[in-house]
Amino acid sequence: MVGDDTFRLGTGAGFSADRLDPAVDLVERGQLDAIVFECLGERTLAFAYRDRAADPDRGYTPLLEKRMRAILPGAIANGVRIITNMGAANAPRAAEITRDIARKLGLSGVRIAYIEGDDVSEGVAPDTPLWEGMTVGEVGRNFIGAHAYLGADALMPALESDAQVIITGRVADPSLFVAPLRHHFGWSGDDWPILGAGTVVGHLMECAGQITGGYFADPGYKNISGLAGLGFPIAEVRHDGRACITKLPRTGGAVDARTVKEQLLYEVHDPARYLTPDVCADFSGVCIEASAPDRVAVSGAGGAPAPHAYKLTVAFDGGYLAEAGISYAGPGAQARAELAGQVVEERMASVHGSNAPLRVDVIGAASLHATTGRYHDAAEDVRLRCALRASSVEQAELLLWEVESLLCCGPAGGGGYRGNITPSVITYSASMARERVTTRTEILTT
Amino acid sequence: MSRRVRLREIAHARSGDKGNCSNVCVFLYDGDHYGAVGEQLTGEFLKRRFGMLFTGDIARYELPELHAYNFVLQNALEGGVNESLNLDGHGKSWSSLILGVEVDV
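Those protein sequences? They're chains A and B, same order as listed. Straight run, no breaks: the first sequence in this note's numbering ends on number 509. Straight run, no breaks: the second sequence in this note's numbering ends on number 194.
Pulled out of the complex, with its shape left as it was, chain B reads as follows (with noise of 0.2 Å):
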């Protein structure tokens, strides 16, 4: 039987800044959510949910063995911290973005 849960309830996460590219690496607290969170929370995934923000191709690199997920999000910075207008030029905020997302675990 499977349930609702926002992710922050099974994942941590940071975000940091290259350019106009961020990185949001995502860590499963419990490696069982490993593989049914990884089938839920994908590029296709994050690019519909907030294609707005996430302009561009998104990347995903997997560490089993540290129950990581790293995602990588081109042109995901509103021009990046030296031309964004957002108060979060560096997107510092991006890994509570994700982490505000439902999936079923």
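Here chain A stands alone, though its shape is the one from the complex (with noise of 0.2 Å):
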């Protein structure tokens, strides 16, 4: 296909949890060329580690089985290259498991490759500098892993197999568009512009939902209709490296010039200086005109070699987070609420002796904003918030005890108690020369 004016290229999941009805709706109706599934968070991975050790069959992304049956049929009829990071911390198993669901629905012949080389775990030592200024050791905590931002090179030599199915560890998310772009146009390692203008397509297009209308409606100043039904992205891309975003018909949502806009912001630092592991792209001069409905042309990127190292995400042993609540609705509701949370605060240090850093907040008076000083007063219909820092599943649960004794021996008409406990990991950077990173790629075949 190589020379052909436009790749058709979406985008099925933009996190691990996201929706999986719009990315079967785009391998079906779309007519795309590649679909990518970007599900794989900061501190997904690390723990997908944690996961790994305790059952060396697991580590890959939760919803890995789900989505694969679901799209596989479709992708493999339609002739939709799948790109997918759910490989996790486990790529190899996570190609073992959709070559197994591919054989279950009678797809034979499919080629899945996968990519390792992202985890670096061994490559760390005590004494790595982390970019917080301390070293691996100093930090002390419990090291967990860590893993490098691999780029679009990664990807190429499956790309260049016929494998319909790629599934890497940890890409840098542009990469994983920036690759099957580079590998259809033959553009060049080193051609810094268009691997910037690559690189803003994949950057609009990672977080998927989110330049269709997602994390954007506001009721009476930017309305959009059909969320419930939101359609995922298609970006139409030319060998120059300018595109069009759109979104299938009959979809909820929405692509204009303002969902686009705020994407191409999104997590960005410094406009002219957005660094991948492919380049250093500059977004500064880029172009976005709404071109006719749910259609918006993106051009005007610009690119800089890219950096000699890897950026490596280091994790280590969080401990654990203690979240608990309980309600106070009608009149005094939030004094009652702000008592209890005085009487949580106190007996955890007088009677548990803990140190451990606590949160009170009374949702529907303070939260979010709270340590702005910003709050409501004499608010009828709170909810009492807890939040604790722990250093084990005990000290977690002391907080939870001390939430739902509430119920009767705190304040007035508490109710609704909830409380849970959630591992927690702590994640820095680190850089990593490349040569000392090597990737390879298997391919396994139905």
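Derived from the structure by calculation, the hints contain no laboratory data. Keep in mind that the hints are not guaranteed to be accurate.
As the list claims (entries may be wrong) - Mimicking DSSO-like on lysine-lysine, the simulated pairs with C-alpha atoms at most 27 Å apart in a straight line are:
hint, chain 1, residue 1, chain 2, residue 2
1, A, 285, B, 181
2, B, 136, B, 107
3, B, 181, B, 136
4, A, 374, B, 107
5, B, 107, A, 285
6, B, 181, B, 107
7, B, 181, A, 374
8, A, 129, A, 167
Stated by the list, open to error - Partner residues aside, some chain B positions facing chain A, computed with beta carbon under 7 Å:
hint, residue
9, 103
10, 139
11, 142
12, 155
13, 159
14, 161
15, 171
16, 186
Said to hold, decoys possible - Among the chain A residues that face chain B by a calculated CB cut under 8 Å, a handful are:
hint, residue
17, 284
18, 321
19, 329
20, 331
21, 333
22, 347
23, 435
24, 448
25, 488
26, 489
Note that the structure is a prediction, hence the values are computed from the model and not measured. By construction, the Cβ of each residue, glycine as well, lies at the ideal position given by its N, Cα and C atoms.
Got two chains here, each in a separate frame; can you build the complex from them with the hints?
Printed below as a string of structure tokens:
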């Protein structure tokens, strides 16, 4: 297909818990060349390392089976290449599972490539410096693992094979999109302006519905219809890197200059220097133009040479987050919730001798923005929320116990206790010379 | 004759996070407001107004073609999603916080 004027690239997921039906719709009706599923958040991979340590057969994205069962029939029938980081900490196992699902679906001759090499845990030592200023050893927490953000290079051998499914672990999100474009159009790995243009496309597409009206609606100001049936995006990309962002007819949401602008700067710092393993992309001159309903043209990106080193995420055991809540309503509700919060604080210190960080919010009066000092008074339907960083499950359970005991021992009329304990990881960043990272590609066949 | 409005009336915004750093991009619907808002909605202004939350340096990048200001707020996520005890550890709602300020246009 090299030389074809337009490459149609879709996004099937923008995070691990993303919806499934918009992706099925895209592979069935989208006439796509490829679809990318980005399912790996900053911390998701650290949890996957822990899963793999507990069970060598795990460590891939939790929804892998569900997604593959739903996507494979349409993708294979319509010749849509699947590119995904759903391998997380265990791309080989994710590829085997995908092969088994394809076999069960009666799909024969399907080739599934997987890529390894992003797990650089063995290359990190106690004296490895972190961007935050200390060394790995100085963090004072148990080291879980480290992974490198690979670039489009890592995907090229798989793309040059005839694999219909390509499964990776950590790859920089935009690179998952740059790779198939580079392969299709024959872009050179050091053609910085064109890689900058491809990176803009990847960046715009990587969060799926966030460019088609998700994370956007604000009734009365930014109205979006059909949010329950939000369509996921398609990028029609030309050989020169210019692109049109759109979505399928008869899907909810919207693609307009506003949704594209918001996504262009999402999680961006200096727009003139957006660093990926592929390029230092320049978004500052990007031109965004709505050309028709649900069609937005994007052009004008630039690029400079890529960084010399890979960025690493280094993960450590972060203990546990304990959260517990109880609700109050009617006259005096806010005062009763505040009293309940004081009781929890007093008892955590005096009865349990806890000095773990504890936060108390009164949801409905002040919670998300409480730190700024913005407070409503005399709210009449509120929820006390207590949160604690604990080093052990036992310590976390103490908070849940104290909030639950408010049911009988706390202020009047408290109801609806809930509590949960979540394991936590803490991540920092580091660099690793490119030469120290080796990637390899394997292919399985049904 | 200028009038005082909440930023939400004339702009939209989106927030994102990286570690303990938040970015909030603000887009004016009407390019005619770009200059006047730019004079008022500065890093120093946000620091004065929300300094208890935005505890680090604030950089502002200007994208006049897009009628946009991109604020990069260091140490503005109470430790970041890994450490914060805020229910909104990503600072997804920081965009709405900023859209609530008043400006003269």
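Against the structure, the hints come out as follows:
1. Straight-line distance between C-alpha atoms of residue 285/A and residue 181/B comes to about 17 Å, which keeps the hinted pair within the 27 Å bound.
2. Among the hinted pairs, residue 136/B with residue 107/B is consistent with the structure: their alpha-carbon atoms are about 19 Å apart, no more than 27 Å.
3. Annotation: proposed proximity of residue 181/B to residue 136/B holds, straight-line Cα distance about 18 Å (limit 27 Å).
4. Between residue 374/A and residue 107/B the alpha-carbon distance is near 13 Å, which keeps this suggested pair within the 27 Å criterion.
5. Our distance criterion of 27 Å between C-alpha atoms is met by residue 107/B and residue 285/A, whose separation comes to about 26 Å.
6. For the hint linking residue 181/B to residue 107/B, the alpha-carbon distance of about 12 Å falls within 27 Å, and the restraint holds.
7. A C-alpha spacing of about 24 Å is found between residue 181/B and residue 374/A, which places the hinted pair at or below 27 Å, so the restraint holds.
8. Distance hint between residue 129/A and residue 167/A is fulfilled; the C-alpha atoms sit about 13 Å from each other, no more than 27 Å.
9. Taking 7 Å as the C-beta cut-off, the interface hint given for residue 103/B holds, the closest approach to chain A being about 4 Å.
10. Here the hint on residue 139/B is kept, as its CB sits about 5 Å from the closest CB of chain A, short of 7 Å.
11. With 7 Å as the threshold, the beta carbon of residue 142/B comes within range of chain A, its nearest partner Cβ sitting at about 5 Å, so the hint holds.
12. This hint holds: residue 155/B has a C-beta 5 Å from the nearest C-beta of chain A, less than the 7 Å allowed.
13. Using the Cβ-Cβ criterion of 7 Å, the hint placing residue 159/B at the interface with chain A is satisfied: the shortest such distance is roughly 5 Å.
14. For residue 161/B, the suggested interface contact is upheld, since its CB lies about 5 Å from the closest CB of chain A, less than 7 Å.
15. Checking residue 171/B against chain A by beta carbon gives a least distance of about 5 Å; that is within 7 Å, so the hint holds.
16. Interface hint status for residue 186/B: upheld, as the beta-carbon distance to the closest one in chain A is roughly 6 Å, under 7 Å.
17. About 7 Å separates the beta-carbon of residue 284/A from the nearest beta-carbon of chain B, less than 8 Å, and the hint is met.
18. Given hint, residue 321/A at the interface with chain B, holds; its Cβ is 6 Å from that chain's nearest Cβ, closer than 8 Å.
19. Using the Cβ-Cβ criterion of 8 Å, the hint placing residue 329/A at the interface with chain B is satisfied: the shortest such distance is roughly 5 Å.
20. At a threshold of 8 Å, the smallest CB-CB gap from residue 331/A to chain B is about 6 Å, leaving the interface hint in force.
21. With a least beta-carbon distance of about 6 Å to chain B, the hint placing residue 333/A at the interface is held under the 8 Å criterion.
22. Because the beta carbon of residue 347/A sits about 6 Å from the nearest beta carbon in chain B, less than 8 Å, this interface hint is met.
23. At a threshold of 8 Å, the smallest CB-CB gap from residue 435/A to chain B is about 5 Å, leaving the interface hint in force.
24. Hint status for residue 448/A relative to chain B: holds, with the closest Cβ pair at about 7 Å, below 8 Å.
25. The interface hint given for residue 488/A is met, as the beta carbon of that residue sits about 7 Å from the closest beta carbon of chain B, less than 8 Å.
26. The restraint placing residue 489/A at the interface with chain B holds, with a minimum CB-CB distance near 5 Å, inside the 8 Å limit.
Every hint, counting from the list given before, is met by this structure.
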